[in-house]
Structures are given as C-alpha cells and as structure tokens.
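K.L.:
The chain contents come next:
Protein chains: 2
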Amino acid sequence: MDKITIAHGNGGKETQQLLQRYLFSKLPEELKRTPGGVGIDYPDDGALVSNLVISTDSHTVNPYFFPGGSIGKLAVSGTLNDVIMMGGRPTAILDSIIVSEGFPLPSLDKIIDDMISVLREYKIPLIGGDFKVIPSDSMKGIVINTVGLGISKRPIVDKIRPGDSIIVTGPIGTHGAVIAALQYGIGTSLESDAKPLMKLLDLFEKFDQDIHAARDPTRGGLAATLNEWAQLSGEMIVVEEKKIPVLEEVKSISSMTGIDPLSLASEGVGVIALPSEKENEVLEELNKLGFTPAVIGRVLNPKDIENNSLVILRTLAGGTRILEMPVGDIVPRIC
Amino acid sequence: MDKITIAHGNGGKETQQLLQRYLFSKLPEELKRTPGGVGIDYPDDGALVSNLVISTDSHTVNPYFFPGGSIGKLAVSGTLNDVIMMGGRPTAILDSIIVSEGFPLPSLDKIIDDMISVLREYKIPLIGGDFKVIPSDSMKGIVINTVGLGISKRPIVDKIRPGDSIIVTGPIGTHGAVIAALQYGIGTSLESDAKPLMKLLDLFEKFDQDIHAARDPTRGGLAATLNEWAQLSGEMIVVEEKKIPVLEEVKSISSMTGIDPLSLASEGVGVIALPSEKENEVLEELNKLGFTPAVIGRVLNPKDIENNSLVILRTLAGGTRILEMPVGDIVPRIC
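Here the protein sequences come in this chain order: V and R.
Numbering-wise, the UniProt record's numbering puts 241 at position 241 of the first sequence, and it's gapless, one number per residue.
Numbering-wise, the UniProt record's numbering puts 122 at position 122 of the second sequence, and it's gapless, one number per residue.
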C-alpha cells in the first residue's frame, strides 16, 4: 500500500503508525521538544515551552455547517479546549483560513462570525493568521487551522496513576454522531456539543495537585483518549460501559451506522483522571460548574494486575473486552 | 460578486480588502492583540506576545515539488523566516499536514524528509502538530500549516522612518518565477531561493537599534512589502528599478508571462529599512554573511514631500510611476 487512505486520518491506530514511521522516527530525540518542555515525544493535546502551552489543529469538518455550530465555532472551541486541557489559560488565538475558488462569500462571512462570537464571549484576542485561496480543481470547501496560546501555572501533562478515577464531564460522542448522521443522511434533532470548556480551568486551578490527566476526546473519541493514556503511562484502565453517559439519539445513530459511540468525537466534554479519594469533591465541583459528570472507571492498582497498557471495557451484557485504539475509517472529516 | 476568486488569495489588495471586511472589522480593538503585544491590528510577519514571536502560515504551493525544494522545505523555511524577520530567534516549530486520500506515500515521505532536513540543519525542535486526511472528491494534494515560535530581545515591529534606506539582501522574485514557469509550462534552469534566513539574526542583533523594518517579500513580492510598510507608517518610499537585483532567468520568465518581478515571491530574501547613515556598515556586514545586498531606495524626508503612504518607482526608462499593491490573480498557490 503506497497511498494515503481515509483510515490514515482517523486519529487512531493508523494515524499513530503513519506519524511514527514517516515523521517521529526521523527526528533525533533532542528535536522532539524544547529543553525541559513537552513536545511530540509525549503526545498530548498541545506542547509546552516553559509555562507556555501551545496547540495547533487543522479543521476540515464536512459539512462545514451542522446543527449546533459550524467549522468556525469548532475551530476556535477545539483549539481553546486543547490549551485548557493542558491546564493553560488561553491568552490568544491565530487562524489560517484556506478556501476554494468559488466558495460562497456569505458562508465565509457566517463562518468568521461564528469564530468571532466565541472569541468575544471568552475575550480571547485573535493576534495573527493567514488566508489562502486554492483553485477549484484542487479543493472544494474550507479548511481552518487554528493556533492556541495559553499560560499555565501548573501544566497538566497527562500521566495517569494506579488508583485514579476516570471522570467524564458529560455525555460523549455527540459531535461525532451529528456529523455521522449528516454524512449518512440520517435525520436527527441532535446538536453538536462543540463549545469551549473554559469553566474547567476553575476546577483545574482548585485541584491543581490532583488532576493527573485531562483531555477532550475529539477524533477517535473516548477510546483513543483512554488508549493514549494507557500507552503513555504504561497502566491498565478499566471502564464500565453502563457508567459511560451517551445520549439516546447518539445511541440510535450509533446503532444505525454501526459506529461505536466510544469512537465518536466529543467537542465539549472533558475526560479527567484524578486520585479516587478526591472523586466526590471533584464531582461536586463539576456539578456546581454546570456539568453532568460521571465516574466511568479506574486505573488499576499494581497489586491487581501487571501493567500492560490496555483499556478493558466491562460491557453492558456483563462481559469483558479490550477496548482497542480505533482502527479503520470511522467517520471522515469529523473535525 | 458573492464568491471567492483566486485574486482574493493574492496577498495584495483583494486579500487586504477581504480580510478587512470579513474579519478585522468584526473584531473589537481589544481583541486584535494581547495587552502590550502586536496582533492583527498591525500586520507584520507574525505576532508578538511580550517577548514571544509567533507566526503561522498555510502552505499550498502547487506543484509541491519544484526545482530547489518542495512544500516541506518551503513550509519550514517560510515560517522560520517570519519569526526571524520579527527579530525572533526561532525556538520551535509545530506543523499540521492535510493530505488527500490517495496521496502517494513516497511523496509524503520525501516532503517530511525535506521538513526535517531544515529542522536538523538549524537545530529547531518540532514540538507538536496535527495530521488530517480529506477524501479525494474534496481535495487533491497536500497543504502544510506551520507555526513558528521565537524569542526576541528586541522585536522588529516594522516602522519605517523618513531618511531610511531600503536594502534587499539578494535578487528578488526567484521563487515566484520558478513556480510561474512550472504553472505556465516554461522550461528554465532556475531554482527556488527557499531557505531560512537564520544568518540575518546576527545582523539584527549587531544593529539592534537601527533596524526599523524587516520583512521577507513572499506572496505579493517586493511590491506588497513596500506598500504595506508605506501604509503602516504613513510614509512615502521611492525605489529605483535599475538598483533592484533580479536574475536574468527571472526577467525572462517575467517577460514571457507578463508578471512584474516586483510582484513575484522571494523565499530566501530579506528587505530591511534602516537609517541611511548606517547603510555602508550594514552592507559590509551583509556581504560578510554571504549575502549579495543592494540599496534599492529611500523613505522620503518630510521636507521633500507630504507623507501619503505611497510607493514610487523610478523606472529603467527614466519615468516615474506609482508601484501599486498587487491586484488580480498574479500566480496562484505560490507558497
């Protein structure tokens, strides 16, 4: 196989393998991070250069307008979330817009309005960017790249530990289900959950010694986030399907398309790992902040089992299976 | 007109007008920069957040391999140059690669090799990024977005002053001419000048009080850079065509295509404004650093003429004309 496939862009196993082979393995160790920082040697939502958090993402969602938002809202929210999930208080955004020749100006107008409306709501300056046009024989649509900068007093560099509880801040897979429904032509009243998770910063600052990991499970969904954590930390995670909140409409889209909700992107949900003795305090605080959190599982204690970087799912039916890193083409252009 | 045209992406007048109308005018002043920083209120190569220089660019060059380089070399060099031209010593790069389904893996391999070879040569870490795949019915090819970070002891925020000399560090328009020749099917032995201008940092540090403006004239060429400087500073610039270095092959491609070399991109040339009394010292230093610099004009003295933000060209034929901000579609996807 010598060509790029849709699966290479799934944010799961194939993406990891491709990047490892064609990019990461070519770089000497000292060029994978700044001295003392966090870089591509430690895949998190963003990078860390002393106390500066920086994140970049290319947004290619199709269609670019969807119930609950647009590529504009998604691009800004998604990048703010990546900064927030590293414990960074966002200070600025840069954007780079690529549109195809013939793209309708009223659509561009609306997309930029959506970007600016998020920036205004959270008072984040847009300090720079780029704008390019591609001839219509090479591209159709719009791509928005965003860069987020933030300052973190205590960065959250994901490292789960035995005994941690895994909490999600709300029902998962909603954004992915909306996009899947549109791509498959399934009617639904569901709206994307895309929004900045700015309120989580208060939680992170209050429990700053206790948050061992935080991620927004976008491309590849909860399955990708938990697998990355297990791999990064060399620990085993056990989650219980019945405790994972999923909206009824998401379940229904999931059963019609055959896509596991655990592989579907969320764009307004956080996954957090913290010592289980702090669980109740954190749940209380999350409820106060307006979230609907749930404890979905635990990182196993070393005495329970030998560490081997796996995610185990206790299924609704009472069985046990390995929750794999997503493979295959799932839903293309979900974000 | 309610659709995007190729001209909207020229980096000249139409790009300025589109961004002003659809983006900049929608943002309140306090969201155009961080407090005390430089942002989209002052269009330069990058933005400034205290002493951090940050720049982002989407690279869409077509074809993605060309004599003298590839989109990989261009993407890294171009972003390093944007950081350098703000007086920043590059500390790290992030990349975001978007490829179409079916893109040849050996080409991706070579493009990433080209990126990494520049990073290795200048010891710049790659600390983060993104990777997306777009179905082949929506895009053909590859787009690379890069983010550059740098630290500047004394940032160069472009502000030309009356009496300044304008210096270019080498012949202009070479990269643009190569891409134009490929797009028009003109045979040439010319190679792109794409390269990081890292050596200019020594000049900027040595003459740190004297560099009033520095820019690499990419999309829109020298004409766009000089017009932006005239607009930003409210000054008039006079340049002499006979003093502007242009390679013979570039002139020949220019005459065959009818594209003014002054509108063609350079990717390895700096334009610098500095007090004319420092001109000789700076020329000497540039020659020592291996450049082939030329003084091409001056910023007029206030006593000479009323300021009105124009660029005047004294032509080879002995006439005088206004050198306009580039308009129309020039060469699409030059960078």
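Incorrect hints may appear among the rest.
Just so you know, same-sequence chains aren't split out, so a pair can sit in one copy or run between any two.
Simulated pairs of lysine to any residue, SDA-like, Cα-Cα distance not exceeding 20 Å [to be verified]:
| hint | residue 1 | residue 2 |
| --- | --- | --- |
| 1 | K13 | G258 |
| 2 | K3 | S100 |
| 3 | K13 | R321 |
| 4 | K13 | E324 |
| 5 | K140 | G102 |
| 6 | K153 | N51 |
| 7 | K140 | T5 |
| 8 | K3 | G141 |
| 9 | K159 | Y42 |
| 10 | K159 | Q231 |
| 11 | K288 | M198 |
| 12 | K26 | S117 |
| 13 | K206 | K242 |
| 14 | K140 | I6 |
| 15 | K26 | G258 |
| 16 | K288 | I322 |
| 17 | K26 | Q183 |
Since the hints were made in silico from the structure, they are not lab data.
K.L.:
Going through the numbered hints above, which ones does this structure break? Give me the numbers in ascending order.
P.N.:
Numbers 13, 15, 16, 17, in rising order.
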